[in-house]
Amino acid sequence: DAKTTQPTSMDCAEGRAANLPCNHSTISGNEYVYWYRQIHSQGPQYIIHGLKNNETNEMASLIITEDRKSSTLILPHATLRDTAVYYCIVRAAIQGAQKLVFGQGTRLTINP
Amino acid sequence: DSGVTQTPKHLITATGQRVTLRCSPRSGDLSVYWYQQSLDQGLQFLIQYYNGEERAKGNILERFSAQQFPDLHSELNLSSLELGDSALYFCASSPPLGVAGPGELFFGEGSRLTVL
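So the sequence lines, in the order shown, correspond to chains H and P. Residue numbering for the first sequence follows my numbering, beginning at 1 and increasing consecutively. Residue numbering for the second sequence follows my numbering, beginning at 1001 and increasing consecutively.
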């Protein structure tokens, strides 16, 4: 699985958009980009994933560069409940072999 | 609620003892994964089962073992416990590819193990 690089920590004001970057320059053509988050001591929560195109769901938007070497997770209107560690993970989708390898992630703090 | 159930939620035991953590995956999910998260540490992948068979192994100690039963629930057995085994243990499950995207994982709320 390709390695990812994320900033250790970020701050964002409540109500503003939070933009979390991720570098994955060694990503392969069949690897997806996944984002998960972990709110203090809770189980990690799936946010969004993408392969080539930008994606949006009720939680966030995922912007993937055309060369797929980096991506940005966007939380459009951050709330205090969005304070968490955010993990960017890349891996291929292989039947029966879908483990996720978590890095250190980005600790996002939403300030009032 | 992810649909993944882990028991017990909390467990306190002594060094040298043995414990079993249980995980019930979401209905229809064939894969079960176990992760360990020590205090202020990242999530460490331990082991994965797919439809009863071991599929991937991570940094799992020899004192630890796991299995997945025919009804797809899984158990993680931790023996000869040491103080350093104190951690949150998460179980996750994922559906077969094509059922719900490229196999995202759904995590339970974890079992917090304290070894005294």
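If you are wondering where the hints come from, they were derived from the structure by calculation, not from laboratory data. On a predicted model such as this, the values are computed, not experimentally measured, just so you know. Every residue gets a Cβ at the ideal spot worked out from N, C-alpha and C, and that includes glycine. Do not rely on the hints blindly, as some may be mistaken.
[Said to hold, decoys possible] If you want the ones that stay clear, here's a sample from chain H, every Cβ over 12 Å from chain P, calculated: (1) N23; (2) E66; (3) T79.
[Stated by the list, open to error] Below are the DSSO-like pairs computed for lysine-lysine, each with C-alpha atoms no more than 30 Å apart in a straight line: (4) P:K1057 x H:K69; (5) H:K52 x H:K3; (6) H:K3 x P:K1057; (7) P:K1057 x P:K1009; (8) H:K69 x H:K52; (9) H:K3 x H:K69.
Keeping to a limit of 30 Å between CA atoms, is the pair of P:K1057 and H:K69 held or broken?
Measuring from Cα to Cα gives roughly 28 Å; hence the hint holds.
Hint consistency between H:K52 and H:K3 [alpha-carbon to alpha-carbon, up to 30 Å]:
holds (17 Å)
For P:K1057 and P:K1009, compute the direct alpha-carbon distance and say whether it is at most 30 Å.
The hint holds at about 24 Å.
Evaluate the condition: distance from the CB of H:N23 to the nearest CB of chain P exceeds 12 Å.
Holds: least Cβ distance 18 Å, greater than 12 Å.
For H:E66, is the shortest beta carbon distance to chain P beyond 12 Å?
holds (21 Å)
Is the Cβ of H:T79 farther than 12 Å from every Cβ of chain P?
holds (20 Å)
Hint consistency between H:K69 and H:K52 [alpha-carbon to alpha-carbon, up to 30 Å]:
Judged against 30 Å, a Cα distance of about 10 Å means the pair holds.
Given the hint that H:K3 pairs with P:K1057, test it: the Cα-Cα distance must not exceed 30 Å.
Given pair H:K3, P:K1057 holds - Cα atoms ~19 Å apart, limit 30 Å.
Given the hinted pair H:K3 and H:K69, is their alpha-carbon gap at most 30 Å?
Distance ~11 Å between H:K3 and H:K69 Cα, so the pair holds.
Checked against the numbered hints above, the structure breaks none of them.
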